[in-house]
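*Asks:* Residues per chain are reported as follows:
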Amino acid sequence: MRVSQNELTGLCRRAFEGLGFPPGDHEDAADMVVWLEQHGLGGVDTLRWALTRLTSEPRNAMKRSFEDSSLGVIDATGNSILLCGSLAADLAYAKARRKGLSVVKVHDCYNRKLMMGYLARCARRGMNLMAFWRNSEDPVVVEQVVSIRAYEDYPTLLLYQIEDEDDTLTRNRSVTLIASPHFSMLQSLHPDPDAATLLQVVRPEDFERQSNRVWEDGLQVEDDVWFRLKELSGRTLVEATEESRNRGAGEGAE
Amino acid sequence: MLPESRDFQPAHPEPHAGPVPLRPADEVMQLDRLGSLHGSRISFIRTVVRKMMDEGWRVENRRFDIDRDGYGTAIYRITTPEHVYEFVLFSQYLDPSQRSDRVIANAWDCAFALCVGEVDEERLESLRENIPRQEAGRCDASVIVLSRANRSVRNFDSMVQALSEGRQPDPRQIARVGYLYRTTAVYGNGKFGIADYPKIRDWEDFGLPFSAQMFTVYLLRHFSIAQVEHIAACRAPETAVRMDDRLKRYLGIGNSTGLGMAPFLVSHPKLINQWVLMRETALARCLGETSDRDRLERLLTLIDRGEQHTRETVSDDSRQTEHNETLVEELGIARDWLRQQAPEGRRLWQELSDHARAHWSFETQELLHSLIIELYPDLVDELELYMGALERYDLVPDMTLNRLIEEIESNYDWALAVDFDDPEQTRLFWYRSAEKEEPRLGIRGEEPGDDREMPLDIARQVRRAYDALVAYREQFGGRTTVVEFLLERPGFKGIIRRVQSMSQTTYGEIRKNLLAGDMLPMHLLRCKLSFFGATKFDPRSSRWVRITLFQGAPLVEDIGQPFDDDWFMPLMPDPEEVLG
Numbered sequence: 001m002r003v004s005q006n007e008l009t010g011l012c013r014r015a016f017e018g019l020g021f022p023p024g025d026h027e028d029a030a031d032m033v034v035w036l037e038q039h040g041l042g043g044v045d046t047l048r049w050a051l052t053r054l055t056s057e058p059r060n061a062m063k064r065s066f067e068d069s070s071l072g073v074i075d076a077t078g079n080s081i082l083l084c085g086s087l088a089a090d091l092a093y094a095k096a097r098r099k100g101l102s103v104v105k106v107h108d109c110y111n112r113k114l115m116m117g118y119l120a121r122c123a124r125r126g127m128n129l130m131a132f133w134r135n136s137e138d139p140v141v142v143e144q145v146v147s148i149r150a151y152e153d154y155p156t157l158l159l160y161q162i163e164d165e166d167d168t169l170t171r172n173r174s175v176t177l178i179a180s181p182h183f184s185m186l187q188s189l190h191p192d193p194d195a196a197t198l199l200q201v202v203r204p205e206d207f208e209r210q211s212n213r214v215w216e217d218g219l220q221v222e223d224d225v226w227f228r229l230k231e232l233s234g235r236t237l238v239e240a241t242e243e244s245r246n247r248g249a250g251e252g253a254e
Numbered sequence: 001m002l003p004e005s006r007d008f009q010p011a012h013p014e015p016h017a018g019p020v021p022l023r024p025a026d027e028v029m030q031l032d033r034l035g036s037l038h039g040s041r042i043s044f045i046r047t048v049v050r051k052m053m054d055e056g057w058r059v060e061n062r063r064f065d066i067d068r069d070g071y072g073t074a075i076y077r078i079t080t081p082e083h084v085y086e087f088v089l090f091s092q093y094l095d096p097s098q099r100s101d102r103v104i105a106n107a108w109d110c111a112f113a114l115c116v117g118e119v120d121e122e123r124l125e126s127l128r129e130n131i132p133r134q135e136a137g138r139c140d141a142s143v144i145v146l147s148r149a150n151r152s153v154r155n156f157d158s159m160v161q162a163l164s165e166g167r168q169p170d171p172r173q174i175a176r177v178g179y180l181y182r183t184t185a186v187y188g189n190g191k192f193g194i195a196d197y198p199k200i201r202d203w204e205d206f207g208l209p210f211s212a213q214m215f216t217v218y219l220l221r222h223f224s225i226a227q228v229e230h231i232a233a234c235r236a237p238e239t240a241v242r243m244d245d246r247l248k249r250y251l252g253i254g255n256s257t258g259l260g261m262a263p264f265l266v267s268h269p270k271l272i273n274q275w276v277l278m279r280e281t282a283l284a285r286c287l288g289e290t291s292d293r294d295r296l297e298r299l300l301t302l303i304d305r306g307e308q309h310t311r312e313t314v315s316d317d318s319r320q321t322e323h324n325e326t327l328v329e330e331l332g333i334a335r336d337w338l339r340q341q342a343p344e345g346r347r348l349w350q351e352l353s354d355h356a357r358a359h360w361s362f363e364t365q366e367l368l369h370s371l372i373i374e375l376y377p378d379l380v381d382e383l384e385l386y387m388g389a390l391e392r393y394d395l396v397p398d399m400t401l402n403r404l405i406e407e408i409e410s411n412y413d414w415a416l417a418v419d420f421d422d423p424e425q426t427r428l429f430w431y432r433s434a435e436k437e438e439p440r441l442g443i444r445g446e447e448p449g450d451d452r453e454m455p456l457d458i459a460r461q462v463r464r465a466y467d468a469l470v471a472y473r474e475q476f477g478g479r480t481t482v483v484e485f486l487l488e489r490p491g492f493k494g495i496i497r498r499v500q501s502m503s504q505t506t507y508g509e510i511r512k513n514l515l516a517g518d519m520l521p522m523h524l525l526r527c528k529l530s531f532f533g534a535t536k537f538d539p540r541s542s543r544w545v546r547i548t549l550f551q552g553a554p555l556v557e558d559i560g561q562p563f564d565d566d567w568f569m570p571l572m573p574d575p576e577e578v579l580g
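Respectively, the protein sequence lines represent chains A and B.
With the working numbering as the guide, the letters of the first sequence map in order to residues 1 to 254.
With the working numbering as the guide, the letters of the second sequence map in order to residues 1 to 580.
Just so you know, the hints here were simulated from the structure itself, not pulled from any lab data.
Don't take every hint at face value.
Label-pair distances were calculated between CB atoms; the ranges are [what the hints assert, rightly or not]:
id : chain 1 : residue 1 : chain 2 : residue 2 : range
1  : B       : Arg-444   : A       : Ser-56    : 30 to 38 Å
2  : A       : Thr-77    : B       : Leu-385   : 46 to 54 Å
3  : A       : Arg-235   : B       : Glu-204   : 37 to 45 Å
4  : B       : Glu-129   : A       : Glu-67    : 35 to 43 Å
5  : A       : Asp-217   : B       : Asp-69    : 48 to 56 Å
6  : A       : Arg-209   : B       : Glu-129   : 29 to 37 Å
7  : B       : Glu-60    : A       : Glu-152   : 41 to 49 Å
8  : A       : Pro-58    : B       : His-83    : 51 to 59 Å
9  : B       : Glu-391   : A       : Asp-217   : 17 to 25 Å
Now the stretches of chain B that chain A is said to cover, found in silico as 3 or more residues with beta-carbon under 8 Å [stated by the list, open to error]:
id : region
10 : 56-66
11 : 189-198
12 : 354-364
13 : 433-445
14 : 448-457
15 : 484-498
All C-beta atoms in this analysis are idealised placements derived from N, C-alpha and C, irrespective of residue type, glycine included.
Make the full structure from the sequences, and use the hints.
*Replies:* Encoded structure:
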């Protein structure tokens, strides 16, 4: 079905609220999903997959495994990035603001590409950011690198196919964030041909074009996800009674 | 180390206010004062009418397939310097038992949409399938406003009757209920698949907040008059007359609003800040001017008009009636007071405002402010361009707890002053009903749903966050950053982000605990409606209000004629002149 961006955002927020995401997180999570969808990278499909886990697995609190003034390691304890990504990025942001450069690594999380939307939010507050993670898409390993410059609206996303026998990064499901207000890191379009093959480049202008297309025409969302989200958002609603019908909205004003 | 980060790219214009300082938020943002606001020159209906008249928009009747009972399809084409739009309306029979102004209604007398571009037959059929179903239908992004309305049956039938018999309707009846139709919802910004606001945000025509919605309501007014004239002519072709233009101008469109409007004010604080800031800037600019004889005479004329308009305002609500009576009485006193003043070489408007604050009701104070704003179009009208705000709420993660606690203590002292141990302070809770997600208000402990309450409890959230922050600071020190706190207590992210964002604004937070047993939701509704430009506030309860929009506005037929933009607080045409 065709929906608007605002409609999808509102529904996702209420669905995450229905899933018990704390205030602040349900807005951030919804914004991350919609950002990815709006920019043509399958936010809703990613959510569809995540919902299965979000509705069936216990949610553990994230832990701070290590920290110094410019380095942080967060154990996401198997959670979706929707639950820990925004604070991880904010931690990188805060450390970089104080020390000029920071590295924050989040271990054991899934849905990592949903992080991109929140990185764009951090960038508009004057921070250069880069995020890096690897997915195992058997039989190949795909490395994803996203970077965005301070005050800019859109990132650059690069996907490489990697030849790396050490699959630690893939197995530990981590994402690494690098932040600095002073300089941005440029991605290499021509990596070592023996180790990496460039699969895809999405440039800021591509993101912008796709975003404008959505403002013009809206979004296409599969019915099953839409109605699943409706069902979850329904958890925040209160069943009507005759009294609430008559009194709750207008005190029998009709 | 860099200083703590802040808004690097402020998206909230703050045009100069002149030599007189803006009123403090502690005064302006009190709920009962917000619930006493009146429209002004920069209200949305004033802005859109000015634009339409200044630019000479063309409104043409493209299709009027309306039968002798008033049912069928109407299409108007609107041509602006920028775009072509079509207003598509479906009028249908409605069983009187189904006529309800509540959000939970499923059928209406008419349903309509404002569409971008021309509507061809294929698109018209799609609209015909979906527009009358409103929330149950689906639209696409070529629709920018979706709405529906119910007839004021008594007005509608009696006006058709009068016109068909060759008589003009009695203006006294229009003074009592100033419209033929009441809208019950006017949807924009992506609702039910229509265009998102960012699609039109940069458009000259409808980029300003709610301008597309208000213009759509204006077009309904145009249709409503054409419809009653048409039905009268069909019924009695030999005797029917057209409506007198003075009566047409005196007809507006009603709106019926319940609690659904209230959450908007809490969930869009930056936008509300911008609206209030522009109104206060307009006021400060005018109060800073030196008065003169001509403007004093103009103000006295406006006070006379305001007094008469209020006399002609009818409400069954005893509280509103009492307020109107007080307003009439105090406007008379204000007129007498002003007549004793020599205007030359002083800031008389500022003195009037000070005098009003010391002696008169909020209604009178705020109406006088609206009237003073009328005196200086050249100073004020440009502010309409700054009514929009970029609603971004970002965390400042590197802020220290010391700084955040200071910000709460200085900007949210009103919230910290609430004693949440007193059950009366949490007597109410807001929730969304499973019936069309209608926002409702319940009594805690007596009604189900407080486990799913909507987060409109800003004061209570601030209190809880403050207590947690102070405790954390005691343990880990005041140099700890906000993000370090939130990694341990993520549940406070929403309210902390709001505090940090809103601490950078002057207005925006309504300074009232919205859970308190003495909270009057009506004030929230009135506040928002005043920015729309509503008049004739007629509360049906503490949670439900009927108002009138566009009463006194120029007609479509007036476009292209000289326009002096002086239709605030319209007066009833003289019955003797109209009825003969």
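*Asks:* Next, verify each hint and record whether it holds.
*Replies:* Hints, one by one, checked against the model:
1. In this structure the supplied range 30 to 38 Å holds for Arg-444 (chain B) paired with Ser-56 (chain A), their Cβ-Cβ distance being about 33 Å.
2. Checked against the hint of 46 to 54 Å, the pair Thr-77 (chain A) and Leu-385 (chain B) passes, with Cβ atoms roughly 50 Å apart.
3. Roughly 43 Å separates the CB atoms of Arg-235 (chain A) and Glu-204 (chain B), a value that falls within the hinted 37 to 45 Å.
4. Hint check: Glu-129 (chain B) to Glu-67 (chain A), Cβ distance near 58 Å, so the stated range 35 to 43 Å is violated.
5. Here the CB-CB span from Asp-217 (chain A) to Asp-69 (chain B) is close to 38 Å, at odds with the stated 48 to 56 Å.
6. At about 32 Å, the beta-carbon gap between Arg-209 (chain A) and Glu-129 (chain B) stays in the expected band of 29 to 37 Å.
7. Checked against the hint of 41 to 49 Å, the C-beta distance between Glu-60 (chain B) and Glu-152 (chain A) comes to roughly 45 Å, which is consistent with it.
8. Roughly 53 Å separates the CB atoms of Pro-58 (chain A) and His-83 (chain B), a value that falls within the hinted 51 to 59 Å.
9. Taken as a hint, the range 17 to 25 Å holds for the pair Glu-391 (chain B) and Asp-217 (chain A), whose Cβ atoms sit roughly 23 Å apart.
10. Under a criterion of three residues with beta carbons nearer than 8 Å to beta carbons of chain A, the stated coverage of the region 56-66 of chain B fails, only 0 such residues being counted.
11. Counting residues of the region 189-198 of chain B whose CB lies closer than 8 Å to any CB of chain A gives 10, which reaches the minimum of 3, so the coverage claim holds.
12. Check result for the region 354-364 of chain B against chain A: violated, 0 residues qualifying (beta carbon to beta carbon below 8 Å, three or more required).
13. With 9 residues having a Cβ less than 8 Å from any Cβ of chain A, the region 433-445 of chain B passes the three-residue criterion, so the hint holds.
14. Residues of the region 448-457 of chain B with a Cβ under 8 Å from some Cβ of chain A number 4, which satisfies the need for three, so the listed coverage holds.
15. Interface restraint, the region 484-498 of chain B with chain A: holds (11 residues with C-beta to C-beta distance below 8 Å; minimum three).
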